[in-house]
Amino acid sequence: MERREVLKVTALAAATAVASRRSLAQAQDAGAQPAAVDPTVARRVGQDVRWDKAPCRFCGTGCHVQVGVRDGRVVAIAGDQLAAVNKGLLCVKGYHVGLALYGSDRLTRPMLKRDGRHVPISWDEAIRIIADKIQANPAGFAIYGSGQWTIPEGYAANKFMKGGLGVNNIEPNARLCMASAVTGFTSTYGVDEPASCYDDLDAADVIILWGNNPAEMHPVLFSRFIDRRSRGERVELIDIGTRRTRTTQFATDYLEFRPHTDLAIANGIMNVLVSEGAYDREFAQQFCNFRKDTAQPSLNGQTATLEEFRRHIARYTPEHVEELSGVPAEKIRMLARLFADRSKKIVSLWCMGMNQHTQGTAINRLVHAVHLLSGHWGRVGDGPQSLTGQPSACGTAREVGTLVHLLPGGLMVANPEHRHEAEELWNLPPGRISATPGPHTVEMWKRFSTATGQPNSNISTIWVQVTNPGQSLPNLHRLFAPSRRMADKFLIVSDVYPTATTREADLILPSAMWVEKNGMVGNSERRTQQWFKQVDPPGEARDDAWQMIAVSRELFNRGMAGMRDKDGKWLFETKRPDGAEVPIWDWAHYYDVNVDERLFEEYRRFSRFKHKDLAPYQEYVRARGLRWPVIRKDDGSWHETRYRFVEGEDTYVARGKRFQFYHSVTRDDKALIWIHDYTPPPESPDSEYPFWLCTGRVLEHWHSGTMTMRVPQLRRAMPQAYIEVNRQDATRLGINNGDLVVCESRRGALTLPAWIDGRGAPPAGSVFVPWFDERLMINVVTLEAHCPISKQPDYKKCAVRIRRAPPGAVAGITPIAGARS
Amino acid sequence: MNQESEKRALQIFAALAITASVMGFASGVSDSGRLRAYRTPRARIAGEVEPAPTYAQQRETRRGNRARHGTNLVAMENDRPQLWDPVPAVDDSSRAAALAQRATRRAYNGAPPVVPHPIDQGAYPNCATCHERGMRIGDRVAPMMSHQRYENCYQCHVVSAQPMPGATLSEETPPYRDNSFVGLETQRSTRWWAAAPPTTPHSTLMRSRCESCHGVLGSGIRSSHPHRQSCVQCHAVSSQLDQRPSTFGESPFPAAIIAGGPPVGNGGAP
Chain A
1 MERREVLKVT
11 ALAAATAVAS
21 RRSLAQAQDA
31 GAQPAAVDPT
41 VARRVGQDVR
51 WDKAPCRFCG
61 TGCHVQVGVR
71 DGRVVAIAGD
81 QLAAVNKGLL
91 CVKGYHVGLA
101 LYGSDRLTRP
111 MLKRDGRHVP
121 ISWDEAIRII
131 ADKIQANPAG
141 FAIYGSGQWT
151 IPEGYAANKF
161 MKGGLGVNNI
171 EPNARLCMAS
181 AVTGFTSTYG
191 VDEPASCYDD
201 LDAADVIILW
211 GNNPAEMHPV
221 LFSRFIDRRS
231 RGERVELIDI
241 GTRRTRTTQF
251 ATDYLEFRPH
261 TDLAIANGIM
271 NVLVSEGAYD
281 REFAQQFCNF
291 RKDTAQPSLN
301 GQTATLEEFR
311 RHIARYTPEH
321 VEELSGVPAE
331 KIRMLARLFA
341 DRSKKIVSLW
351 CMGMNQHTQG
361 TAINRLVHAV
371 HLLSGHWGRV
381 GDGPQSLTGQ
391 PSACGTAREV
401 GTLVHLLPGG
411 LMVANPEHRH
421 EAEELWNLPP
431 GRISATPGPH
441 TVEMWKRFST
451 ATGQPNSNIS
461 TIWVQVTNPG
471 QSLPNLHRLF
481 APSRRMADKF
491 LIVSDVYPTA
501 TTREADLILP
511 SAMWVEKNGM
521 VGNSERRTQQ
531 WFKQVDPPGE
541 ARDDAWQMIA
551 VSRELFNRGM
561 AGMRDKDGKW
571 LFETKRPDGA
581 EVPIWDWAHY
591 YDVNVDERLF
601 EEYRRFSRFK
611 HKDLAPYQEY
621 VRARGLRWPV
631 IRKDDGSWHE
641 TRYRFVEGED
651 TYVARGKRFQ
661 FYHSVTRDDK
671 ALIWIHDYTP
681 PPESPDSEYP
691 FWLCTGRVLE
701 HWHSGTMTMR
711 VPQLRRAMPQ
721 AYIEVNRQDA
731 TRLGINNGDL
741 VVCESRRGAL
751 TLPAWIDGRG
761 APPAGSVFVP
771 WFDERLMINV
781 VTLEAHCPIS
791 KQPDYKKCAV
801 RIRRAPPGAV
811 AGITPIAGAR
821 S
Chain B
822 MNQESEKRAL
832 QIFAALAITA
842 SVMGFASGVS
852 DSGRLRAYRT
862 PRARIAGEVE
872 PAPTYAQQRE
882 TRRGNRARHG
892 TNLVAMENDR
902 PQLWDPVPAV
912 DDSSRAAALA
922 QRATRRAYNG
932 APPVVPHPID
942 QGAYPNCATC
952 HERGMRIGDR
962 VAPMMSHQRY
972 ENCYQCHVVS
982 AQPMPGATLS
992 EETPPYRDNS
1002 FVGLETQRST
1012 RWWAAAPPTT
1022 PHSTLMRSRC
1032 ESCHGVLGSG
1042 IRSSHPHRQS
1052 CVQCHAVSSQ
1062 LDQRPSTFGE
1072 SPFPAAIIAG
1082 GPPVGNGGAP
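Note that the protein sequences, when read in sequence, are chains A and B.
Sequence positions in the first sequence follow this note's numbering and run 1 to 821.
Sequence positions in the second sequence follow this note's numbering and run 822 to 1091.
Simulated from the structure, these hints should not be mistaken for laboratory data.
Watch out, some of these pointers could steer you wrong.
[Said to hold, decoys possible] Computed beta-carbon distance windows for the label pairs:
no.: 1; chain 1: A; residue 1: Leu733; chain 2: B; residue 2: Thr989; range: 17 to 27 Å
no.: 2; chain 1: B; residue 1: Pro909; chain 2: A; residue 2: Gly765; range: 56 to 66 Å
no.: 3; chain 1: B; residue 1: Asp913; chain 2: A; residue 2: Gln81; range: 26 to 36 Å
In this text, all values refer to a predicted model and were calculated from it rather than measured experimentally.
We put the CB at the ideal spot given by N, CA and C, even for glycine.
Let the sequences and hints guide you as you build the complete structure.
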């Protein structure tokens, strides 16, 4: 050990020479010029591999990996032992994340569609084309990004659109992913994002999963609590679901409910709590108000009373809930008695099951209500926690506010004071920011797919970054395909691989990904994370933020007023410490400074409005992420916050308050317990389409499979999509394992092989199809109906019919007669 | 007479009842044909290990390596070399073969290995039955897990092929699977002089149980002295290999040193 230390200290001394060259341009030094490193120094670290931290590229868990780089290429990945989220463990996707960079068909040149073919063009030409399109019709220009944008990328895009063009047409795919969680949090606590954190998973006695399959979708978090069993702890796992999954195999109790009736179950629990007098009177009285929807559903609803709540909840007796949901009344009582027991610590977890729901906001509110009413709130291991699916759904979509109605830091475009605040921080002339929210995702793509001249057709150009709407939008035949047949609808796509979207694009821009660029993201527990560029992107691929900045500069050069602030300076003007301007619009100089740091430091000033304080960039360099609000103590050190609104944890809670919801909708520091009825879904199985269809993910593939399908280990383990059919239904329909089955809705049809008693087992009368396979896109079948408040579509339920495919049929999208298109 | 026939009738009835119950039991415990048809076809993956048989299959075919799998787990448990058994000599070629075999199942040195046999995709992972201590199954070895027990094995270990029936779409259709990633190779350990104990050339993260590869069931890279239990007493982690995470949160080092940046990585405090 001593010898090792001696060697290390020697290495340190030698390494100082290398390190001292790193000032602002750390990343470039490290990633872009590995050859410049003194070989004797590199040799000492073993196998010539340089290791550095980065959050994983995939889901919203926010694991940190250690990236091993040799000769300018990623060669190995390890779990980061210093990361509080994953404590050294990863999942199979995380262990293979490095391979996602090296698929053989990476996009390396900008390409323009001419005569139906994509032909390479120069970056200069590509930037000019985009600028032309914007100048021709700024109001018809839209940006569609995602929760995979890094924080600085999303911030640059948001400022470019709302502060530059003065148009609010910017949406992330997060609308399809966690919009209902946002409206749930906002309408319950007055401000978005979970108050609790993953520390709960180490302490909870009971974990309740609301339509959630973390064994496959958030495996590291699943292990974080299920592995406590290996250590002799007792962890009860209650799986409330519509289909048996891998998670179910670990569950203490499995409560199978009819799709959409989770609303009734939540009401049933509260019914028992109230009727047995077992709810937490003190907590409910002291810290909660009651609330109900307005006639037209709205985010903040209207005042309700305890009496109204009692009358409403009285209808949801366990027996009635059993009729609605199929969950035995005894099980509803069992759940209620768990919540009645204050000695137990209970965590509710959910993700797409509750969010992709035409009553998404309502079910989110109700699960919060169950916890608030029972007082299971605000202790370590005791509270509701929503999970996200993308690495920066929280960090970029929610906090940077890349949605049509938001500004950074939780400010709203419709609020004049908020617009004023943003204009001040951006140094813009008053009135630059438009007060009108743009069209939400489903609406934006509908307008893009509606011929010019018809009503609601005023989106003519969409620039897509870091997402794949040609596969991920619901009802693709309606929302995506029509625009591709219209000559005046121009689709620009920045991506790293050919996808279902780039295939249909008019202009393709090759992007850098993950550790090919600097980045920052924010995970599901308010943790903001940072990494440096470690390898070069292939060919002419470039950072998404640079692309946005280059277009902005082109428009600035052409004299577009919006690209200037009120002093006439360019929106993204960047200076060296010595005052000289750095031409960051020129790719050759983009890494002369750390543009991420410059953008983040500007963005950070917005974080104080909703008490989501972010620390300086350099604090994140040192940390494995920090959970906001990050507060500066008197000694100059920065401290993260585990629990919001809880005295002793959250600095903003006044002394003696215990719990203080300081952004309360009712402005009295109280959270809201919402009243909601069970209402039937917009489409249910009937005699013509007798099956429920649920869609979702699998362990091996992340979202549309663009990256993971190119990783051989993951591809072999899950080579294509399939349809899970219940054994009884299969017997009745003469379908055997592996047979091709046609799955058809009113909107489209898909032929794919059946898997019976496979990874998951849907109950009779329902089927499941994963959506990762671009050759078998189930979203030609799904429904675009969405939650009236969050506007998030429901991918989890629609009505389909299935039949054995005729002999000679092939797997793929099947044309059907009479489908809307 | 009456008593006789009554007794006889009783005997016949008893015999019938016993036969019926035995048959019922037998057919009850065996997989029905219908049921089997619905299970995942357990085709053998080319070049890989035979799939684990169902109990019904085991009864049907009591032959080959796998016959003992179901009949006598305890015997298989015991079919392991003793700690004091003579150790076969290890030469360079057997070491190279062992390392090459390892590499076929890992994307890079340190990656979780893929599973070379079919698994029950929807079931609670029962991996520990064979992999807790490791087991010899005929001429194959189910290696002991190299790390502490985790509950959700499939989280990191996925099958190497054919997870499902009916997957007929060609790998040659987009998205293409070709990938130019080159993984970190396994390194040879160093001896500082001829008789010195070799240093450990790999990270011990997730590889803390040395017997997994170097124990009595190992080949090519197994220890010559498995009866010695405290491996790290003599085999230090190579100084060539820095296992410290490169970017520190709470730094265990004095600020003056960390201020110069850690020797590896580039994410340290500037």
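task: Against the structure, test the hints numbered earlier, and report the numbers of the ones violated in rising order.
output: none
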